[in-house]
Amino acid sequence: MKQLVCVSKTPDTTTNIKLAEGGKALDSAGVNYILNPYDEWYALVRAVELKAVAGGTITVINIGDASNDTVIRKALAIGADDAVRVDMQPGNALSVAKAIADHAKEGGYDIIYCGKESIDYNGSQVGAMLAEYMDLPYVGLGIHMEVEGNSATIKRDIEGGTETVQVNTPFVLSCAKGMAEQRIPNMRDIMSSKRKPIDVISGEITNTSTSISNYDLPAGKASVKMIDPDNMDELVRLLKEEAKVL
Amino acid sequence: MVLVYAENSDGKFKKAVLETVSYGKKTADLMGTECVALVLGNVDDAGQLGKYGASKVIQVNNDALANFDSQTYSKAISAVAENLGAQVVLLNQNSSGVSLTGRVAVRLGADCASGVNSLPSLDGANLQVQKKIFSGKAISNISLTAAKKVISVTGNTIQPEETGSDCPIESMDVEVGSAGVQVVSRDEQTGGPAPLPEAELVVSAGRGMKGPENWGIIEDLANTIGATTACSRPVADVGWRPHHEHVGQTGVAIRPNLYIAAGISGAIQHLAGVNSSKCIVVINKDPEAPFFKAADYGVCADLFDVVPKLTEAIKKTMS
Ligand SMILES: Cc1cc2nc3c(=O)[nH]c(=O)nc-3n(C[C@H](O)[C@H](O)[C@H](O)COP(=O)(O)OP(=O)(O)OC[C@H]3O[C@@H](n4cnc5c(N)ncnc54)[C@H](O)[C@@H]3O)c2cc1C
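Those protein sequences? They're chains X and G, same order as listed. With the first letter of the first sequence counted as 1, position 21 gets the number 21 in our numbering; the numbers rise by one all the way through. With the first letter of the second sequence counted as 1, position 17 gets the number 17 in our numbering; the numbers rise by one all the way through.
Hint data in this document are derived by calculation from the structure and do not stem from the laboratory. All values derive from a computational prediction rather than experimental measurement. Don't take every hint at face value.
To be verified - With the Cβ distance kept under 7 Å, some of the chain G side facing chain X (calculated, not the full set):
(1) LYS137
(2) ASN141
(3) VAL181
(4) GLN249
(5) LEU258
(6) PHE304
(7) PRO308
(8) LYS309
(9) THR317
(10) SER319
No residue lacks a Cβ here, since even glycine has one placed at the ideal position from N, Cα and C.
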C-alpha cells in the first residue's frame, strides 16, 4: 500500500491574528507554527495505522519554503517514511492542488489523504481539487475507514448524520475527527525522523487570478451585559425583545 | 449568467439552498444578467425556485446521479455551466459542497472561493467576496478575476427572499460518467432538533458540569426552546458527551442565532468555533472567565442554580 498524506503548516490554535501593512498582510511576528491538526491527528495517524497492517510506505507532501521543514520533521516523527516539499509560496488552493497532483500522478499512490481543512484559511478545497486534477474518486469528511485489499469502506459526516460509502483504490480522502486519535511521538521517533529524507522539488504557481486583496478583523463585541442571577425573567425579556433570538 | 446548484435532500430543498438561490439572484442583478437554478434528480416542485429569484430551472435526470458522488455530480454541474455559458457557479458550503466546489472550479478552469459569507461586490468584470479565516479570527477579501468563477456560500449568509413566482423547468441531458464512490448506507437522525451546523438555537456545556449524570438540566433547557445541544472538547474527549456535539476550532463550527454556554471557560479554540453566533449568553461562576469578554449577556453564578431558573423563566413566558 503506497500512501500519500498532504500536510500544511498553520499558526498554532492560540494565535491572536494581527494585521500588517494596513491590512494587506497578516503579521507573522511571534506566531508559532504547527502541523495542521486535521492533517496530523486524523489523516497521518490513520495512514500510520493502516501501514501497520497493510505494509507499504507513507510519503508526506507539503508546499512551501524551507521554514516548513520543522513541521515536516514532525510528520516524519509520527510515522511517515519520507517527505516531498514543493518549494514555492502556496498562493491559493488551486495552485497547491495542482502542485500536489503533478507529483502524485507519477507516484502510483493508492490512498491520498488530506485533512478536512487547514485551520488558517479554512478552505476545505485542496482535496477535491486534487482529486479532479487526477481524475480520481473523492470522499470528503471521512470519520472512519476500513480497508480490505483494494476496497475501502468509509464513514463520512453529512448534515445530521453519517453516510457509509465504498470506494476502490486509488482515491483521495479528507479526514475529520473520529478517523484516528492524536499520537505523541517519542524520543526515538523524533531522533529517527532526522535521518528520513525530505526531497525538495520545484513547483510553479498555476493560478494567480484568485487572490486575497486584503484582510479585516471582525468587529469586536460591545461589552457584555451582566444579568442578576436571581432575575432570569430579565434575561428572557432581553433575549426576546432586545436580541430578538427567542 | 449565474448558475446555482440547488441541491435537493430526498426531493426537498433545505432553507440554505433557498438562501443560495436568493444570493444568486442578487449576484445576477449586480452583473446585469439572469439567475438559473440547476436540479439534479427528481424534485416534486422545482419550479418554486422561481420565487427565490431563478428565471428557470434546469433539471438533469440520470440514473448515475441516484446517489451522491463528487465525480458524477461535478461533471453534471460543469457540463450544464458550459452549455449555458455561466460566468458564475454557486454552491452551498456543506458536506457535499466541500466535495464539489473545488472539482467544478478545476473542470471549468475557474477561479474559486469557498465558504463565502457576504454578498459579492462588483469591480468591472471581477467579483470581490468575503470569507472568514482563522476560524473567524480574521476576514479575507478575495478577488476573483478569471472569466469564470465558482463560489460556495456559507449557510445563514442571507435569508431566502421571495421576490417572484414559480418559473419554468427545462430538462437537459449531459454526460456524467459513472460513480467511483458507492453509497452503502445512510444513518440520519430523524425528528429532533436541527443538526449543529444548521441549528439556530444551541445550548452548550463544559467541564463545569462535573459529570455526565448532570446533563439533565442542559437537556431540559434545550428541549424547552427547541435547541440543539453541544459541548466543549474535553467533555467529548472523556466521553461525557458524544463527539458530534464537540464545537470549536477542531470540532463543529456553528453559527446559530443564540448560543447559551454553561460551565465553559471560553478558551480561544472554543471561541473560534462559536464566534459566528449572533447572540451569546455565558453562565459561569468565575467572574474572570474569558468567555464573558465574547458574550452579549453574562450570568456570573453557579450553573446548577441558574440553568433550571432560566428554563422556568422561559416556560413561564410560553404558557
Ligand atoms: C489544538 C487544540 C485544539 C482545541 N480545540 C478545541 C475545540 O475545538 N473546542 C473546545 O471546546 N476546546 C478545544 N480545545 C481545548 C481548549 O483549550 C480548552 O481546554 C477547553 O475548551 C476547555 O473546556 P471547558 O471550558 O469545558 O473546561 P474548563 O476550561 O475547565 O472550564 C470550565 C469552566 O466551568 C466553570 N464552572 C465550574 N463549575 C461551575 C459551576 N458550578 N457553575 C458555573 N460555572 C462553573 C469554571 O469557572 C470554568 O470557567 C483545544 C485545545 C488545543 C490545544
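### Message
Name the hints, by number, that the structure is in violation of.
### Response
6, 7, 10
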